[in-house]
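Q: Residue numbers (our numbering), protein chains in the order written: chain A, 595 to 1107; chain B, 595 to 1107.
Careful: at least some of the hints might be erroneous.
Since the list gives no way to pick out one identical chain from another, each pair is judged satisfied if it fits inside one copy or across any two copies.
[What the hints assert, rightly or not] Here are the simulated lysine to aspartate or glutamate pairs, EDC-like style, with alpha carbons at most 20 angstroms apart:
(1) K971 - E827
(2) K972 - E827
(3) K1000 - D792
(4) K955 - E1018
(5) K873 - D698
(6) K784 - D1038
(7) K971 - D1034
Because the hints were derived from the structure by calculation, they are not lab data.
Because the structure is a prediction, the values reported are computed rather than measured.
What follows is each chain in one-letter form.
Protein chains: 2
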Amino acid sequence: MLNRVRSAVAHLVSSGGAPPPGPKSPDQPEATSLLPAAPPEAPRSPPAKAGSGSGSGSGSGSAAPAKTAEARASFSRPTFLQLSPGGLRRADDHAGRAVQSPPDTGRRLPWSTGYAEVINAGKSRHNEDQACCEVVYVEGRRSVSGAPREPSPGQGLCFYYWGLFDGHAGGGAAEMASRLLHRHIREQLKDLVEILQDPSPPPLCLPSTPGTPGSSDPSHLVGPQSCWPSQKEVTHESLVVGAIENAFQLMDEQMAQEQHGHQVEGGCCALVVVYLLGKVYVANAGDSRAIIVRNGEVIPMSQEFTPESERQRLQLLGFLKPELLGGEFTHLEFPRRVQPKELGQRMLYRDQNMTGWAYKKIELEDLRFPLVCGEGKKARVMATIGVTRGLGDHNLKVCSSSLPIKPFLSCFPEVQVYDLTQYEHCPDDVLVLGTDGLWDVTSDGEVAATVDRVLSTYEPNDPSRYTALAQALVLGARGTPRDRGWRLPNNKLGSGDDISVFIIPLGGPGSYS
Amino acid sequence: MLNRVRSAVAHLVSSGGAPPPGPKSPDQPEATSLLPAAPPEAPRSPPAKAGSGSGSGSGSGSAAPAKTAEARASFSRPTFLQLSPGGLRRADDHAGRAVQSPPDTGRRLPWSTGYAEVINAGKSRHNEDQACCEVVYVEGRRSVSGAPREPSPGQGLCFYYWGLFDGHAGGGAAEMASRLLHRHIREQLKDLVEILQDPSPPPLCLPSTPGTPGSSDPSHLVGPQSCWPSQKEVTHESLVVGAIENAFQLMDEQMAQEQHGHQVEGGCCALVVVYLLGKVYVANAGDSRAIIVRNGEVIPMSQEFTPESERQRLQLLGFLKPELLGGEFTHLEFPRRVQPKELGQRMLYRDQNMTGWAYKKIELEDLRFPLVCGEGKKARVMATIGVTRGLGDHNLKVCSSSLPIKPFLSCFPEVQVYDLTQYEHCPDDVLVLGTDGLWDVTSDGEVAATVDRVLSTYEPNDPSRYTALAQALVLGARGTPRDRGWRLPNNKLGSGDDISVFIIPLGGPGSYS
């Protein structure tokens, strides 16, 4: 997330005395799970700095908040990399920028997923990307009839899960999301375990509490058949989409409640894939990207959310809630900042309703800074942040101001669904997830060409081919050190950002493992 | 616009004593142009009822407002139909539903455009669709340098213009828009006459007033070259888009200012095509539709704006401005109306951020009527209106309530641009515009098949072929009277709505005239 938050770290509000913890939903994944714990399958990468895991409130006040935040930053890499302390130091080395992948010798990731990452060229102390790959079992919370559920293994649901989290203004939000977001998704799916396995349409109502009197009264269970004909049909697929959407929101709320803790600093983009009952759900909030490469063709599976792509949403919010602009910003867009000498002239502008441009007479309030400004990677909301969706950022303020930016950011992902059963996939068909470090210097077509080039040099049943592909993509985006910079073969600059890539083979669970 | 406004006429606020006229922009087309005037090229269809042109304020109060509104309704058909009084009566006959087209003998429409229309089967007293087809000359308002412009014919711009307006709750808005919207577009383009003909990028600023001191001072003319490099590039095309967008807004504001006049009743969808300097601009606000049929293939040129397609925009507005819901509506969506006995149960819902569905515990305020409800043609905003963009509707209230619906409606069109010069069009390539009366019973593919079937029976240079095609489409959607209804050959019901169709050949101006 290079240059995506200008001076944001310096303006994070430093937490003083610890406030009482906020209210927590009973279903909410425990924040204690944030603490490093030895997972059963592999040793967790240890914190690089002693004291970074300490929960003691550090000094309050605004003195050097940037340094304070930096010192607090957690420093860990994904568990599945199985890094030794020495390996962790190499992964953290900005000079060498060694590409990291799970070891060949360990347990493979589900589906023989490929993964590779590399640290940035120096824009932040640590790699602020995080990743997660899990198989998650969901036990039903209750039966649809409301009767308390007997624990009966085998009646639950499994989903496969991949997540990329691109942090900014610190690594805390990305790390927290990488550890907890899939648990929020699991919580949201608990109510749906029976429903999703029943081919009939989802019931309109669930009883409020399992086992309460009346909840097993059939008259309370209003199924589609008992309603008037105009009832809207709701699909199983849309329930999973709703579960993922709400999980993102609850994850974001949990970050807000724990924003004074040491680890929840900054914010992160989140790109998540859930495979459940034959379908792939790709949820994106931010500027990471997912594409499917199938038979050499590219199928886009996400769109990026930036100040440019969300200009009209942002402007509309500023127009409807002008108090959010604090008298410092105008919701109107101009091709550049208006200068005082241009008062009274007619300048190009557009408002929240317009896709085209027109001329308007410049008035005093047009001299305020525009809510949305800049183009491409330099586009910013409130001159500060270059992405408009993601998790965290609850403390992000406008530079030299107490104006919060969070109201303009959305934690909701766009979810695209891909039915794996609709097409017979071959071993070369893959879903590629990458943070913007990849996509800033690599087009969709170049990725598709690399998929073809790398996979064709491996046997179709060689499970290491997907990690080799992820490494090739990361290396291709990083480049090699030459002429005082990391450069691509065409001598253009490679990406100086953190780069992380998942390659998910589309043969389905177990096909290539 | 069949069934698109439920009981809306009955809830129009009847105007009492005439308020003072609102402020008017000096550039605004004159409201007096609403009065029927003999155009130079053809006699205007006369009003069918004496007194319908009277401007006297009718009785105030709520006694039978529906009848009052109905009696006021203007009754005219497009000028280019050149209808005699007898022809006008036939066009107004719900029993015969004779298809109307411009006469073969008169002057052809520009580009040999084809047109046909038919009245509804009885859902409203008159045909509430209106149409307009014009060649509009735009004289520049001033030179870019700010010097007063010498009248110099030949330096202006011409645009070709087609508009379809589908009225609801009365014919006034559609009629007003059909007479004035192209004039608003002309006004917006006046500033751009020189700029659009100059291949260099548009200037960032125009002087405020022509001929004022300093306005010809070159230092006030900030061109793109003189600005810092990050200035956003604005294209000529986006200026035309902005001009059309602002013209829609000014048309809507003019309707608001004159809402107590006798002719501005109800609202209308607007589908407008502007051809200017090689490009076709299709602007749509409502549920009419435009498609290009090119070499037998369909290219969609518009999307419909309905409570379903705009659900999230509507819900967000209700969420951010709850006062607009008046304590009567909830911004949440449920698959059907929540019943009091379901309090405490968990029911399917979705909010403004969700595309999927989830369960929530039903609380008291969820018993309010949902802001958006229903599906397909039965979808409604506030249980009242089935389209979410268009012009007018300033007096539209929720049934049995004083809650205004207008804040949820947008007058802004979506504008799609098609470059006519990018492809060598043949005489069978056409742009088809139709009100929902056509599209409710006819798919894009069926229209493409009819294009092929009808045009192949005419010589390519026969200019009457496009009117024959429009007639075939209108007849195909209307059907024939059989079994107590208008029926299609497959015995399904034809459209009982007003149906209007333009066929615009894409050979360019003059090619087939």
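Q: If the cut is 20 angstroms between Cα atoms, do K873 and D698 qualify within a copy, between copies, both or neither?
A: Intra 29 angstroms, inter 58 angstroms, cutoff 20 angstroms: neither.
Q: Since the copies are identical, ignore which copy is meant and state whether K1000 and D792 lie within 20 angstroms (CA to CA) inside a copy, between copies, both or neither.
A: neither (40 angstroms within a copy, 43 angstroms between copies)
Q: Up to 20 angstroms between alpha-carbons, please classify K972 paired with E827: within, between, both or neither.
A: Between copies only: 14 angstroms across chains, 43 angstroms inside a chain, cut-off 20 angstroms.
Q: Go through the copies and call it for K971 and D1034: within, between, both or neither, with a Cα cutoff of 20 angstroms.
A: within (9 angstroms within a copy, 44 angstroms between copies)
Q: Give the relationship of K784 and D1038 under a CA distance limit of 20 angstroms: within one copy only, between copies only, both, or neither.
A: Answer is neither: 36 angstroms inside a copy and 43 angstroms across each miss the 20 angstroms cutoff.
Q: When Cα atoms must be at most 20 angstroms apart, do K971 and E827 count as within-copy, between-copy, both, or neither?
A: Between copies only: 15 angstroms across chains, 41 angstroms inside a chain, cut-off 20 angstroms.
Q: With identical chains treated as interchangeable, where does the CA-CA distance between K955 and E1018 reach 20 angstroms or less: within a copy, between copies, both, or neither?
A: neither (59 angstroms within a copy, 41 angstroms between copies)
Hint check: violations occur at hints 3, 4, 5, 6; the rest are consistent with the structure.
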